[in-house]
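Peer 1: Numbering-wise, the sequence shown is residues 32 to 225 according to this note's numbering.
Honestly, the hints are just simulated from the structure, not real lab data. Mixed in with the good hints, there may be bad ones.
[Stated by the list, open to error] Calculated cross-link-like contacts (lysine to any residue; reagent style SDA-like; alpha-carbon spacing at most 20 angstroms): (1) 104 x 175; (2) 104 x 35; (3) 104 x 216; (4) 104 x 205; (5) 104 x 195; (6) 104 x 62; (7) 104 x 154; (8) 104 x 56; (9) 104 x 185; (10) 104 x 217; (11) 104 x 36; (12) 104 x 220; (13) 104 x 174; (14) 104 x 116; (15) 104 x 190; (16) 104 x 177; (17) 104 x 150.
[Unchecked claim] Here are the in silico distance ranges between beta carbons for each label pair: (18) 89 x 214: 30 to 38 angstroms; (19) 171 x 109: 18 to 26 angstroms; (20) 85 x 159: 18 to 26 angstroms; (21) 67 x 109: 28 to 36 angstroms.
Because the structure is a prediction, the values reported are computed rather than measured. In this text, a Cβ means the ideal position worked out from N, Cα and C, and glycines have one as well.
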Amino acid sequence: MKQIDSRLLVFILTIGVFGILNTEMGVVGLIPYVAARYGVSVPDAGLLVSGFALVVAVAGPTMPLLFSCVNRKAVMLLALGVFSACNLFATVAPSFELLLAARVIPAAFHPLYVSMAMAVAQQTGDTAAERARNSARVFVGVSAGMVVGAPIAGMLASSVAFPVAMAFFAIVTIVALALTVAFVPSMPVEHALS
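Input sequences plus hints: build the corresponding full structure.
Peer 2: Shown next as structure tokens:
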């Protein structure tokens, strides 16, 4: 297994978590644009948020267990790949129903990536203090995704165009995917969870 600097690994995990949380929460600032673009009511457009959250709630306890015996890098690539593909499709989705599908499908992989990133961060470092610091740094991606995503997406939709705001989500997850492919080593799992 090739070695990676722990700071680079934590940075990559933080970008990945930011991209996933940004995809989840960033659409909150786009609800009025979705309603106008697809000719649906604002409550219907809100399904992009509640549908995502519902799938995360169902997948949260199941997906990490289902994938607990799979190489961690492969799991990260799968989750980031699904998010990237769905985010790209969302930029050009021709109907509200297809946009909703592009939001709901990756939601199943949200708890998978976030739990994996937190677990890897918790195991990265030589001391307990370093491992705790690494976990806190990855958690910054969670906070930033929740707090920064919606304003950035809203600004892009209002000042440029709705598809550009949706492309922002795709760009972040594609960057995380590329960094994971290039720098994260294979991480086989020795013992599956039950």
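Peer 1: For each hint, tell me whether it holds in the structure or not.
Peer 2: For each hint, the structure was consulted:
1. 104 x 175: violated (23 angstroms)
2. 104 x 35: holds (13 angstroms)
3. 104 x 216: Between residue 104 and residue 216 the Cα gap is close to 7 angstroms, so the pair holds against 20 angstroms.
4. 104 x 205: holds (15 angstroms)
5. 104 x 195: violated (29 angstroms)
6. 104 x 62: Cα-Cα ~34 angstroms, so violated.
7. 104 x 154: Roughly 14 angstroms separates the two Cα atoms, so the pair holds.
8. 104 x 56: violated (25 angstroms)
9. 104 x 185: violated (32 angstroms)
10. 104 x 217: holds (5 angstroms)
11. 104 x 36: holds (16 angstroms)
12. 104 x 220: Given that 20 angstroms is the threshold and the Cα spacing comes to 10 angstroms, the pair holds.
13. 104 x 174: violated (23 angstroms)
14. 104 x 116: holds (18 angstroms)
15. 104 x 190: violated (37 angstroms)
16. 104 x 177: Violated, at about 24 angstroms.
17. 104 x 150: holds (12 angstroms)
18. 89 x 214: 30 to 38 angstroms: holds (32 angstroms)
19. 171 x 109: 18 to 26 angstroms: This hint holds: roughly 24 angstroms between Cβ atoms.
20. 85 x 159: 18 to 26 angstroms: violated (37 angstroms)
21. 67 x 109: 28 to 36 angstroms: holds (34 angstroms)
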